[in-house]
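Using the hints, put the two standalone chains together into the complex.
Below are the chains, spelled out letter by letter.
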Amino acid sequence: MSILERRLLTQDRGALVLRKLWQIPWSFVLLLCAIAAVGYVALYSAGGGAPEPYAARHAIRFGFGLVLMLCVALVDIRLIARLSWLSWLGGVALLVLVLVHGSIGKGAQRWIEIGPLQLQPSELMKIVLVMALAAWFQRASWERMGNPLFLIPPAIMVLIPVGLILKQPNLGTALITCMVGAAVFFAAGARLWKFGLGLAGVALAAPIAYQHMHDYQRARITTFLDPESDPLGAGYNIIQSKIALGSGGVWGKGFLQGTQGHLNFLPEKQTDFIFTMLAEEFGLAGALTVLCLLGLVVLFCLLVALRCRHQYGRLLAMGLGTNFFLYVFVNVAMVTGSIPVGGVPLPLISHGGSAMLTTMLGFGLLLSVHVHRDAELGVARD
Amino acid sequence: MRGVRREEERRRNTFTRRALALGGLQLGLFGFLATRLWHLQVVEGARYATLAEENRISVRLIPPPRGRVLDREGRVVAGNRLNWSALLVAEQTQDVGATLETFSRIVPLAEHERARIEREVRRRRRFVPVTVRDFLTWEEMARIEVNAPDLPGILIDVGTTRFYPEVEHLAHVVGYVAPPAERDMDGDPLLELPGIRVGRAGVEKHHELALRGRAGAVQLEVNAVGRVIRELDRREGIQGQDVQISVDAELQKAIRAKIQDGTSVVVMDARNGEVLAMASQPSFDPNLFNSGISAAQWRQWTSSRATPLINKAVSGLYAPGSTFKMMVGLAALEARVATPAERVFCPGHMDLGDTRFHCWRRGGHGGVDLRSAIKFSCDVYFYEMARRVGIDRIAAMANRFGLGVDLGIELPGARRGLVPTRAWRQAQGKPWNLGDTLVHGIGQGFYQLTPLQLATMTVRIATGRAVQPHLTRAVGGRRMRGGQAEDWPPLDVSERDLQLVREAMWAVVNEPGGTALSSRLPGALGIAMAGKTGTTQVRRISREQRERGFRVEQLPREWRPHALFVAFAPHDAPRLACAVVVEHGTSGSGAAAPLAREVMVEAFGRLCPPPAPRMAAADGG
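Respectively, the protein sequence lines represent chains Z and Y.
So the first sequence is numbered by the working numbering: it starts at 1 and just counts up by one.
So the second sequence is numbered by the working numbering: it starts at 1001 and just counts up by one.
Looking at chain Y on its own, in the form it has when it is part of the complex (with noise of 0.2 Å):
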């Protein structure tokens, strides 16, 4: 038995050992856990956690709604608008087919667009929503909401879009809205979301940063396969800011009846340079852009000649015709190669080696000054200023009154236009001749003006300060500067030239004998108007025709010359100014000034109603 004990003893002893060793192993690996266990927790913890975050946490940003744009009076001419869209919902349904049935029964689907629907609805987890139909009209949303019983998982969806009240009529001032281009994406994260619009045109454009606000965005706690959990938290973006413009919705409208195809008309403040209206026909629809247009439609209008897209107050380049003599006349009057009461006799023409220069009236004017020739518009004593002055001071003259500059008007797209010179001639290799200033000094050849600019250089003339153009009275409620005569600074040319160049376009209108005398301001309005007619040929007349008794009214159309007219009114104490362009109204007088004198009866009566008639007596007496 002691052998037994012995032996007991011994495996006792080895198990004891051995369970020792067991043990401590068993004790080392936990320790090893534990140290994983730091080193996950404590020692990578920080980025441990930060990687928990992300898991979780999605930021998705809110568009802002868009600024609207305001006219002068505070009429919305860009707003939003509600637009419903029908969403589905895969997971709210137990058959998407029967779902889409009856949805078609309410508001029709093409066999594509069920397609498309289907192929989303696989593709995307079964709680996001696939867009079934945008753009619903109210009463489609209406007979959706009524029968939301028998459409299971279909959604109604709030959004906004671009809505332009006055369709038509203001789109080449305001602009439009369209997707952004990859050209668009200026690392504002806000331009990645779908349906977010930029602006492509217009103040839309100019202002685009304004209007489009900041975005907010807002913090969605998500789980593992993406389904929102909760809101953790959300910052409001800023709205866009809403841009008040000069323009007057209502006066453009009145204008715009007034006008045919080609015809482009700029009113402004004739004190501080505000736009007042501006209107280029034809016009196009804005909202069309919001829904992306057809193909077609795009090719229309690109393709038509009377190009709906583009904005001819800003972008048509015009030559300005006899609108041009006052440009003439102050640069001889400042380079005093003339006095004003010097007389210069018009036979008709005037010889320059063997080509002859035409006066438009073919009896000529006799003797003619300064006054009298822009009141008769004599082209003889123009092409004798001119000769005598030289194109570049006549181009310099131009320049300061805005003609071949930049005006910098907010509406991309506006066009700086030309008002050649001898150097700029010589730049393309050609030399500049005598002739050449001639002809120049009726404002023929090679200027390209844009109307804007013409109804820019009226109200320089008026006002003898360096006014620009501009578009924009306020951008989120402040006022914009320029609003005040006074923000300008004064033309560096002489005061008794400007009034005598005025006094003589208010003869154009009011004295017998001048070229838009049938034009002048009814009487009942009090005010008279002062302006000057221009015709500018678009094609050549041969002596051959004009010896031969020629009539313009027998050409074709598009051959007729183009009517201008600038005004301003009243000619004592200047407050609007208008450029008038009729493309191929044949005849300034005929065509341009008849419309600038409805123009400016129209705008007096919405913008600078008559003093109301004081009540004789009313205090009793």
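So here's chain Z without its partners, still in its complex pose (with noise of 0.2 Å):
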């Protein structure tokens, strides 16, 4: 190879990148933008008033995020495509890892440390899983789709990583990743009799669980249908996060004026209750504009999945687009009081390093199925 040959060469590339950069849509980089600021005043409120602790670093991992996710965007959807399994191994091995040696929070083992990021494999699982199920659909057929025994190896490839989810034990991150599978094998099309029979075990299997679960889990179900039954107890979250809400009232108390969060009376209120505190302080019209924002995200996945010319891309845009959806609904029905409290962060909003990175880690995927919405990938087989 002469020396012009590879100029050329490196030109092209240069060339490639530019042209990938402008194929991505700068106006949903810029809607992620405004949600992460959004997460910024809300932890500068939850922080008192102050950028420190949680602001500054919310803004500084959304920085490394970004650049994260557009790196991603760029990697052509093929190779994507190529490393799914390899992902979905490399999850669960994570998961496996964060049994034996995970650093345990609040009574669950979730997290491994790598360096000074605190990883939570769980998060990623739920990503690599959508990866792996788009890889083992992207050639499906109809006809084959209508095949059980096709259906069995995904049906494995969700079970494991939700068993080992269990085990941690993370009962609603093991709930989210089963909705999470649930909605590719609906949207790659599993007939719908077979999500009815899976309904139908689920609802024989609940008292079984029921009986299996930690004492904690069992308190936040019992809580979460009388919380007033524990008011200084269990359900005192669920109380004060509503009070917070409702007091907020339909134009909200003003920035840095919401008094639940700033005296303490609302616990996690930098992470799980984050929404609280910007209900609290912006009222119904701050709250509804956020989840406006969050919602315009999951309708862009779902354009990016109707656009995309191939069932890979389709079906992990759609994937992705639930995950998030499931994130936010599970958040915000949560601090409303709709359903348990479960330990889940409102994305690219509450602080914490590790959703950032999956959350943006997904977009990059997502950008880059939009990108290469028209490369020749999986066409259908029987």
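Honestly, the hints are just simulated from the structure, not real lab data.
One or more hints might be untrue.
So the derived label-pair ranges between C-beta atoms look like this [what the hints assert, rightly or not]: (1) Gly1031/Y / Gly196/Z: 23 to 29 Å; (2) Gly48/Z / Arg1081/Y: 40 to 46 Å; (3) Tyr216/Z / Arg1123/Y: 51 to 57 Å; (4) Ala50/Z / Thr1102/Y: 49 to 55 Å; (5) Glu1044/Y / Ala50/Z: 31 to 37 Å.
Computed from a predicted structure; not experimentally measured.
Positions of the beta carbon are idealized from the N, C-alpha and C atoms, including for glycine.
Now the structure itself:
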């Protein structure tokens, strides 16, 4: 290879990168920046009206996340598709590792520490699971999807990580993982009656599962059903969160004027209950605005999925969108007292490095799907 | 390839349908969240806003300073004094034990005190102060402050406690304060504050509401664990009102210096009924109630025969003896059963059936009219008058002079006393005999009167008005009614009769033969006192003793008669009145009248100093 050729190639590569960058929907990046800015404002307030200790770090993490996202966006989707299996194996390996070596936080093993970084493998697992499932279903025809035997390997691909997450134990994330998996099955064309069968199975298994639950998990369910039963104990979080939300009213108490959050009535205000903080200070108007911004992200995922010309990308975008949606829904439903409390942060807004990086990684994949939407990949086969 | 294309198309259509279905579901769930938020923030917003306020706002009461009690010259007789206490805030020290160790080297702490402090530190949140020691002296406080660097976590807190500078001198009048009991709870939230005190006796109790004031409140913003973040609002309380009483503290002290146990003295302004001094011996130190008195001290006070806690001037009940004779005389005159000039022969006794009623003077007084009967205190004259007028009219007259009625003095525990009537006796199921009437004609028998009532009777004789005794001059700077003679309605008693009695009382002190001649006021004062002696038996003297030439001094002290004296002065323009009761003082003229004289001299010296001699030819001439 002559020097000239090499130069041409690098020029060519540079042009390719530029073309791909041009393909990136910057309006979406802007939307993410807006949501992260909301997070900055909320964390500034949670920090007692100061960038430390939360808001500044949040901004830095988002910056890193943004770079990561753009880098991943430029990676060819075919390479990503090829790496899907390996990623799934890596995710499962990390889940095993966390059970063996993980740090214990709040009674469960959820984190592993890699240098300064705390990684929560269950977050990563949901993304690599979507990748693996998309890779499995990418060539499957409608007839093939009707074959129950074809659905058994992907079901096992879902159940292995779910079992490991339950073992941590982290019921909430396990359920979300199941739902993400189910969404991909659904989008890929699994027959509807099979979902009915699955739901019936869950309904039958629920009482047995309740028997095997940890006390704190049962407490969450019972306090959800009747939060007032133990106002200073397990029900405290829900009650205080509802008080904070409700007292915000339509227009809120004003920036930094939220009493519940600032006076520490609100637990975990920088992580799980950050939405409450926002809703207290900016009212229903602010809360709905944030909800709309997050809804736009979900909508974007849907649009990317619909516009994509290969099944892998469609399923990946749909799965990632559902994952993001479930984060948002579970978190907001939790703080409004609509579902039992589980440690689910609000993506892009809550304080936390691991969640931010995995979320941005997911968006990187999503953008890659968008950039490479016309790539030749995974034609249907019987 | 067409098959592949068709297959691809079909797969894509399926995906599109299902993706839209999923998207729709997600949209629906977002809608659910939005309605949920709307419900919480708009529909139930007001309710949650209230809950949030309750969450963060804690209202604490600030006790108002208790009003002071001032004497008639404005001297503080019940005030508030700073009280230093040492508090420990556990979170400000690394080692509670070490801090207490250092502290006990400065102010010794007993083992049980340390145990209590450590227990409270464990039980409370770490920023809540725990009292280490109350009632520090100024010196202890100063030593703690100096050593502050070695005492991390120790704070000095300044509070107030009730303080009675006159110690025991005014205890019976001013009263004392103590922590409220269950029955004191009148719905005022102030009473639930720790450290609050309520009046338990005397003026402190009577004027409790005025003295207490109204609690202020401070709204504090607190966080979830109760730590105060900042003060939101402060509503100052209403300070307790000062109460000015008519007693002169210096006169009171001077009188108390002259009297022994069992003696009570009441000095009143004869023009308006203000009580100028009210002494009852023995007394007690009201300051002791502040810090809580020991059980032993309480037992000693309550079991003592000298009853230091009881104000005998308003709660001690005595037969009036001869001091009552004015009432019998006035009743007889009013009933027109006798004229002032009518003479009764006193042979030294009066026989009724086979009972002989003796005059105190064995030889008798001969013929006596009303004036000389009072002057000599002739018993036979009043036996006769009582016989003529009857007990009920005597009692009615006595009631008009304030005897046996509630005088409304501002001292809880003041007794109403008893002036017997025929009906009263019959209510007991016993008949009223004429013999009883005779005995009651000289102030003996069932009477139960307080020294204050005797003083009031004297004031009413002196003024002819239905003057009520009272202690309050002003509350919160507002003068009370009753300070003028004209504030009181006239007694419905003939002025001529009253004048006769007043002159007779003058004769008691100032004419030869009067029972209290030796107690007349010194000539230098230029004032003449009118008065009446009284001696009341506490034990019956038998005929046998009488015939053996019995002398009362031979009796043990507690069997000796009580000595009484009532007086007003100047006799022609009454300014002061007093009543003196000396328990077991043997005789009114021997014990009570001389004391009354000293009291009068003291009172005139202090309250109505003689006009300064005019500077002759000051303007040169």
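Quick rundown of the hints versus the structure:
no., hint, verdict
1, Gly1031/Y / Gly196/Z: 23 to 29 Å, "24 Å, holds"
2, Gly48/Z / Arg1081/Y: 40 to 46 Å, "43 Å, holds"
3, Tyr216/Z / Arg1123/Y: 51 to 57 Å, "28 Å, violated"
4, Ala50/Z / Thr1102/Y: 49 to 55 Å, "38 Å, violated"
5, Glu1044/Y / Ala50/Z: 31 to 37 Å, "32 Å, holds"
Against the hints set out earlier in the document, violations occur for numbers 3 and 4.
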